[in-house]
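Novice: As a plain string of letters, each chain reads:
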Amino acid sequence: MNFAERLADIRAQMQERKLDLLLAVHDGGHFIEKPNPVMVLSGFKSLGPAAALLHADGAIDLIVTPHWDAERAAEFCPDARVVGAEDVVDSALAKIKGNVAVGTSGLRALPYAMASRFAAALPSARSADKLVFDAARTKTSDEIANARAAARIAERGYERLLEIARPGMSEDELAVELKWCMKTLGAEDNFLLLCASSHNRAVQPSTGHRIQSGDIILAEITPSYRGQLTQICRTVVIGKPSDELVCKYRLVVHAMDEGVAAARPGVAMAEVCRAINAVLEAEGYGEYCHPPHIRRRGHGLGFGSARPGDVALDNTTVLEPDMLFMIHPNQYLPETGYLLCGEPVRLTEHGAELLTQHKAALVAVAG
Amino acid sequence: MFTSQPTLLIGPSDWDAEVMPKTEFTERIAALWDLYPEAPCAIVYGDRVHHAELAYLTNLAPKLEAAVALLFPDGEPELHVGGGPNMIGAARPLTFVTELKPLRGGEAIGRRAAESRARRSGAPLLIGGGYMPTALRQDIVEAIGEPPIDATAQVWTLMRRTTKYEQLAMYNTGVALGATVDAIVSAFEAGAGVTDAVLAGERAAYDDGAQDVRTLFSLNGGHTLQPFTAPIEQQVDPLQVYVAVRRFNYWAEGFDSISTKPQPAFDKAQDLLRLALAAIKPGVDPADVEKRVVTVMAPYRPHPVTEGALVSRIGMALEEPPHTNAGAPLQAWEFCSVRVGITDSAQNHAIASAMIRVRDEGLDVFWSAAPNPIEWRPPWWDKHTD
Chain F
1 MNFAERLADI
11 RAQMQERKLD
21 LLLAVHDGGH
31 FIEKPNPVMV
41 LSGFKSLGPA
51 AALLHADGAI
61 DLIVTPHWDA
71 ERAAEFCPDA
81 RVVGAEDVVD
91 SALAKIKGNV
101 AVGTSGLRAL
111 PYAMASRFAA
121 ALPSARSADK
131 LVFDAARTKT
141 SDEIANARAA
151 ARIAERGYER
161 LLEIARPGMS
171 EDELAVELKW
181 CMKTLGAEDN
191 FLLLCASSHN
201 RAVQPSTGHR
211 IQSGDIILAE
221 ITPSYRGQLT
231 QICRTVVIGK
241 PSDELVCKYR
251 LVVHAMDEGV
261 AAARPGVAMA
271 EVCRAINAVL
281 EAEGYGEYCH
291 PPHIRRRGHG
301 LGFGSARPGD
311 VALDNTTVLE
321 PDMLFMIHPN
331 QYLPETGYLL
341 CGEPVRLTEH
351 GAELLTQHKA
361 ALVAVAG
Chain R
368 MFTSQPTLLI
378 GPSDWDAEVM
388 PKTEFTERIA
398 ALWDLYPEAP
408 CAIVYGDRVH
418 HAELAYLTNL
428 APKLEAAVAL
438 LFPDGEPELH
448 VGGGPNMIGA
458 ARPLTFVTEL
468 KPLRGGEAIG
478 RRAAESRARR
488 SGAPLLIGGG
498 YMPTALRQDI
508 VEAIGEPPID
518 ATAQVWTLMR
528 RTTKYEQLAM
538 YNTGVALGAT
548 VDAIVSAFEA
558 GAGVTDAVLA
568 GERAAYDDGA
578 QDVRTLFSLN
588 GGHTLQPFTA
598 PIEQQVDPLQ
608 VYVAVRRFNY
618 WAEGFDSIST
628 KPQPAFDKAQ
638 DLLRLALAAI
648 KPGVDPADVE
658 KRVVTVMAPY
668 RPHPVTEGAL
678 VSRIGMALEE
688 PPHTNAGAPL
698 QAWEFCSVRV
708 GITDSAQNHA
718 IASAMIRVRD
728 EGLDVFWSAA
738 PNPIEWRPPW
748 WDKHTD
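Respectively, the protein sequence lines represent chains F and R.
Take 1 as the starting number for the first sequence in our numbering and just add one per residue.
Take 368 as the starting number for the second sequence in our numbering and just add one per residue.
Bound conformation, chain R alone (with noise of 0.2 Å):
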């Protein structure tokens, strides 16, 4: 989903090897080389707004400034930090790798780049290189000699299998994005204005740990969605909100809509999301679940926030690729937001969402706007949090 993107990212980011430990990420990069073994480096990029591929390999996502790092099969990685020698100090906490240096633009990268060539005689990687401002990119090609591969892809390929550390993470973001969404409801209930409840789910989502949150609602019974932008002291039933947590760097999303009356739309919007749960599973083409929705999505249509991605794929970033519902089927062990929204185009609209991880035999569900989504089973979770 797109959010207003913030100037900068404040709010817990440290690496914590605790959650995510060390061997997490060496692990990660060594599956790296597996897939291009004659690669002599990788350089990485990542900036506050893109920065999925760099936190998944190095764990920093940068707040202000942009930063490249340098992986290599056969030495230790290093990190490129923007802004100058008095911005390291600042990201240091935020990554485990230890070899810190100031980021002094593209040719220095592209020239340690081209001396790892040395070792091994392929092509350097690039991952994220479509983010990059173009003199940077241009400035790294040209000291590296000639263009470097593009490995973007297939680092997204890889984040689809998730370690039970994060696992565990992304079912601690989940408690906290149902912390955010219950107080929500609790403003809302007690009379909050549309901003006081929406911030009132924000204050929580950040006591639950949170380091970033994003909200859109909407004042027109979920016809259009929008962020804040100035206080909103009216009051609006029903509420329609969006929200997305973030802790240890993953993100959960949530869509509801909250009332004092029945609520006709959202509750074939909750029916058809249990319809599209009862429909995943590995191997599952999320193309297919949004097919089967639609064709009993009758008087309703499609609502144009989730069109064509009814099953987004979530976990480093909010969008992730392919960010609709083309691309690859399902499989076991990654983590989806799944959307319906439905608008009749006159009066009612609403968008009902849950948070699941797909597993051998189905999914399991960590956050939902549907009670009972799926039939009961014990929660996969128990493992993790005796």
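For reference, chain F alone in the conformation it holds in the complex (with noise of 0.2 Å):
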């Protein structure tokens, strides 16, 4: 798939629904967790806040905030009639003439200052975030590339913790470090969740705790690259594991690869966590496959379109070939804490495709 075949699609849809006008809006707080429709219809990343409006004969208008971003978004977007903007809102309002049907998506993820403006404005307006962002499930060819490249920088990355983690130095400076070293591999952005402890909880943005020798440093690396986030997730040891904690890390991987396994075409989503979960719960860990301690095992990548949605066991999407998200156990044990596995993985039509060149493995740096 092509972005011009996605765009033809949702326009299919806006028929159907009978829609005149398509009113996309992200607020400029770009986010792992909150899809982006703006990027969905045009590709662009803006600054500030920004709409899209794509109306049935397939014209765009694109506007973006600050006004002086609108030649960057127009060479973006050759095709897109762009408009730099002070005020959003107000100027994607001017853009809606007459009686139109509109439909409005990520109104719902807006700040209330805004989302309250288009409310009052637009009573009469349908949400389509489900026929945008289900438009977006399966990546184009450009996100898939850029999803490779954001995976290889990812690990890169990891090769530089490796490389420089050691005890003495904080969870800060590790991170920053890691998230400088892939911005000058090219990612734009990072969703860089990093923390140690000797029994982690969970993974946590980091603080300015020192690392200490018999920590477990826990990194989800979540580079973007042209707009595409892709991640990997990893545990690491300060000193010499023990005997147990290899082997729990073992069976962590065992769960990934039994997942990855059951990722296939014409499954749902809810079978892959089913997976991951049958070789906890086979060794007596049940009670940790549910909340507090897990909420998923994996879920889509963004910036645009977070589809195809959580691995999770309520997630009932049938996978389909070119969906990409991760897959990642991510599992807290009692005996070890909580320890990161995790992979990025494409679907083709035999099934999952990872999009990292080594998988996860329990590595043990100097303590």
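Just so you know, the hints here were simulated from the structure itself, not pulled from any lab data.
Glycine is no exception: its CB is placed at the ideal position from the N, C-alpha and C atoms.
Which bits of chain F does chain R cover? Going by a derived footprint, with three or more residues having C-beta under 8 Å, they are:
id: 1; segment: 19 to 30
id: 2; segment: 66 to 73
id: 3; segment: 175 to 185
Okay, the calculated beta carbon distance ranges per label pair:
id: 4; chain 1: R; residue 1: PRO460; chain 2: F; residue 2: SER242; range: 25 to 31 Å
id: 5; chain 1: F; residue 1: GLU75; chain 2: R; residue 2: ASN739; range: 34 to 40 Å
id: 6; chain 1: R; residue 1: ASP401; chain 2: F; residue 2: ALA56; range: 52 to 58 Å
id: 7; chain 1: F; residue 1: ALA8; chain 2: R; residue 2: PRO460; range: 49 to 55 Å
id: 8; chain 1: F; residue 1: GLU349; chain 2: R; residue 2: THR627; range: 53 to 59 Å
id: 9; chain 1: R; residue 1: THR393; chain 2: F; residue 2: ASP87; range: 36 to 42 Å
id: 10; chain 1: F; residue 1: GLY239; chain 2: R; residue 2: THR393; range: 38 to 44 Å
id: 11; chain 1: R; residue 1: PRO514; chain 2: F; residue 2: ALA8; range: 41 to 47 Å
id: 12; chain 1: R; residue 1: ASP549; chain 2: F; residue 2: GLY168; range: 26 to 32 Å
id: 13; chain 1: F; residue 1: GLN357; chain 2: R; residue 2: ALA597; range: 20 to 26 Å
Relying on the hints, combine the two individually framed chains into one complex.
Specialist: Encoded structure:
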């Protein structure tokens, strides 16, 4: 699939739902969990709040803030009519003329100050979130290529972690170094969770905590390359790992392998989660396969659409080729604490293809 | 200035009592109660994008999930942190507040606020409510039972008065800004490509203890600015850059243009920057400063990036209200970024800026893209750095 085909699909859905206009809005606060309908419709990652209006005839208006970013947007989206605006709400509403059937996307994720103005001005607009994000449930060839590049960057970031992680270094220092390193490799953004403890309860954002010998470093390394996120989840021990830790990590990797094996076209996403859980339940960790210990076994990869959604028992999404998502058991075990283990996969007709060159394995660095 | 907002804040943000003692925060909160003596509590929202008010009152700059502070005139503050119980540990080092709880939704916050009305009957305060997701805000308001008072603007007014601790934090952030720009200049002079030069600056900022650094650069001689989207090996001359550095929750920013050749446009921008600085003192309307500069700008006109925002207040946020020159006159001890951008709409463009502190008799400059920005006077920060 390419970008034009995706847009054609969205327009066909608009016609089916009798929508004259699709209004997609994003506040510019880019976040891994917050899909960006403006990126889905335009591919453009804005600095500030932005809107894209897709008309029934295929014309696109792209409204960007700050106003001085319009030239960059126009270069990126040569087929769109680009407007630089001071206020994206006023500018977007000014583009909606007459009594047209409007579908909206992204409004629920907006801050109240923006969302309330759209809601007041467009009382009869219908939510079109499902239409927009479902259309982007599979990735375009460009997005897949970018995901591969991001996966390579993530792995090189991880190599850097192994080079420099040492006792006495703070989590923040390590995280900052990795972020910078991956930016030099092309990552324009990075959702990098990194923490260290002898017994982690979860993976968290870094703090000033100083890494100690015996700590287990958890790193959820998530660079974005040209607007496409990819992630690897890794666990590193400072010093010699205990036999128990080695054994438990093998278990988690085995669970991940089963999840990867279960991911095939035509299978519901819930089955991937079930396959992972089965391995852990068989070892007596059934109670740790549910909240509060674990919420999901993976997730989609944005920034555009986060479809196919979470690798979770309640996700009935049927998998299709060219879906892109994470499979990460990321399990809390009482003996070892939280362990990170996860790979990005692209679904092919034959099953899940790992985007990484080296699969997660427990690694020890000098303590 | 708008920059590309990262998906996660990565960098040292732990609360340091030596940099910003707890008394700083308790005095700020007390000033809030002075303004609203009937208010039983304040609900303060912040997320990783918008959190200036929350950071001002609690030091917490949320790195990942949003947080809500509940402040009481006669009780300990509470922080309700998003992401569940497992995120409490990562939030604890970032704040002086000791009562940390998982954020359980708007209804629970609203109920807690409503309970506090048993002690004072006024409406609760809401700060940063415009940044809240709609559902969270609605749940809070419904649980309170009446609309809260939006005190966001009043907090911004309080933030304009800076203490010696804040001034020292800003000064140190300015030092990091200087190191950042110097590193970009050095890399440029060593022949680095555009993004290598910018990344050399970012590296220097982090080495100087920055908790965040944002950059923009120009590939067309300052006509437009763009964020990093991918490595660019080409060299451009002149290299117009924008750098924003954050330390101790305070931002400093700078525009500079680097070249191996004479830059008439940048020379002009520097001259106009000096003119602007000479006009700044307490009581002056920022719009009047811009008018004075524009009057002598010919043959150039204001650059779109800085037009209407020549003097911008800066501190806990890169974009501080009112975002433009409109608004209150300047007052002593507030921090501003002064930016002069010019363009002839053809080949010549430049933006130069300075970081200043307004003071009784004029201003202090603690970073400037123009040499000799003001008549020399002893550096104001000497007393802080003995």
